[in-house]
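**Student:** Let chain A serve as the given structure and place chain B on it in line with the hints.
These are the residues of each chain, in order.
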Amino acid sequence: DGGITQSPKYLFRKEGQNVTLSCEQNLNHDAMYWYRQDPGQGLRLIYYSQIVNDFQKGDIAEGYSVSREKKESFPLTVTSAQKNPTAFYLCASSMRQGVTEAFFGQGTRLTVV
Amino acid sequence: DQQVKQNSPSLSVQEGRISILNCDYTNSMFDYFLWYKKYPAEGPTFLISISSIKDKNEDGRFTVFLNKSAKHLSLHIVPSQPGDSAVYFCAASNRFYGQNFVFGPGTRLSVLP
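Residue numbers (our numbering), protein chains in the order written: chain A, 1482 to 1594; chain B, 343 to 455.
Extracted from the complex, chain A is given alone in its bound form (with noise of 0.2 Å):
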């Protein structure tokens, strides 16, 4: 089945460790993008990736770091330098960017211990 895959669900870090949250696609989509939830808030964008080899800074890029190597995956760390990492964080595709609706994976649930 096509869609979009993140892994884990959930994850564990201790304060001043890096962590990497996997975002895997199947729908041969080209615009990639990653969102962080709060509770009680909306979406923010954090990267989004139009084409392979190619990432632009969202609202609140700051702390985190992206990688687009191939069309298929996204994957995002979340830096020691990101100050309230503790959030629940979205990964979703589009055929392009803006142009057609985004797909979601399940999302990862991410706690600063």
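In short, the hints are calculated from the structure, not lab data.
Treat the hints with care, as some may be off.
What the hints assert, rightly or not - Derived SDA-like pairs: lysine to any residue, alpha-carbon spacing no greater than 25 Å straight-line: (1) B:K347 with A:E1582; (2) A:K1552 with B:Q441; (3) A:K1538 with B:I395; (4) A:K1538 with B:K396; (5) B:K413 with A:T1567; (6) A:K1538 with B:K410; (7) B:K413 with A:K1490; (8) A:K1538 with B:F438; (9) A:K1538 with B:S370; (10) B:K380 with A:P1489; (11) A:K1538 with B:F388; (12) B:K380 with A:R1525; (13) B:K380 with A:A1562; (14) A:K1490 with B:T387; (15) B:K347 with A:G1539; (16) B:K347 with A:V1580; (17) B:K398 with A:F1584; (18) B:K347 with A:G1521; (19) A:K1490 with B:L353; (20) A:K1538 with B:K398; (21) B:K410 with A:E1582; (22) B:K380 with A:E1550; (23) A:K1564 with B:Q344; (24) B:K396 with A:K1552; (25) B:K380 with A:K1495; (26) B:K380 with A:H1510.
**Tutor:** Chain B in isolation, oriented as in the chain A frame:
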């Protein structure tokens, strides 16, 4: 500056009745609007979209209305079912420029049996 607003954080409706969820936007360049439904600890699911050249789009129990002059759209769910209980996000973009989706903060719908 919140470009997409959902002023009702929550809404309760009786099963079988109509649910109306509202969304307002400030950016007149938006020309593509979407509604997503989200259950707790899951990724959002695309429901329905509308282009600015239309004022109505229907898909089964879901209808989206767009009032461009008022910069307002609404999602109607008829009849409402308990399984519709979720958080609903409104999102907007500019398709011509391939602008990223901007999401509202969401409205939590509770459908009471």
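**Student:** With reference to the structure, classify each hint as holding or not holding.
**Tutor:** Now the hints, each set against the structure:
| no. | hint | verdict |
| --- | --- | --- |
| 1 | B:K347 with A:E1582 | holds, 19 Å |
| 2 | A:K1552 with B:Q441 | holds, 20 Å |
| 3 | A:K1538 with B:I395 | violated, 30 Å |
| 4 | A:K1538 with B:K396 | violated, 32 Å |
| 5 | B:K413 with A:T1567 | violated, 34 Å |
| 6 | A:K1538 with B:K410 | violated, 30 Å |
| 7 | B:K413 with A:K1490 | violated, 37 Å |
| 8 | A:K1538 with B:F438 | holds, 20 Å |
| 9 | A:K1538 with B:S370 | holds, 24 Å |
| 10 | B:K380 with A:P1489 | holds, 19 Å |
| 11 | A:K1538 with B:F388 | holds, 24 Å |
| 12 | B:K380 with A:R1525 | holds, 15 Å |
| 13 | B:K380 with A:A1562 | violated, 29 Å |
| 14 | A:K1490 with B:T387 | holds, 17 Å |
| 15 | B:K347 with A:G1539 | holds, 19 Å |
| 16 | B:K347 with A:V1580 | holds, 21 Å |
| 17 | B:K398 with A:F1584 | holds, 22 Å |
| 18 | B:K347 with A:G1521 | holds, 13 Å |
| 19 | A:K1490 with B:L353 | violated, 29 Å |
| 20 | A:K1538 with B:K398 | violated, 34 Å |
| 21 | B:K410 with A:E1582 | holds, 20 Å |
| 22 | B:K380 with A:E1550 | violated, 30 Å |
| 23 | A:K1564 with B:Q344 | holds, 23 Å |
| 24 | B:K396 with A:K1552 | violated, 33 Å |
| 25 | B:K380 with A:K1495 | violated, 29 Å |
| 26 | B:K380 with A:H1510 | holds, 22 Å |
The structure is inconsistent with the numbered hints 3, 4, 5, 6, 7, 13, 19, 20, 22, 24 and 25, although it conforms to all the rest.
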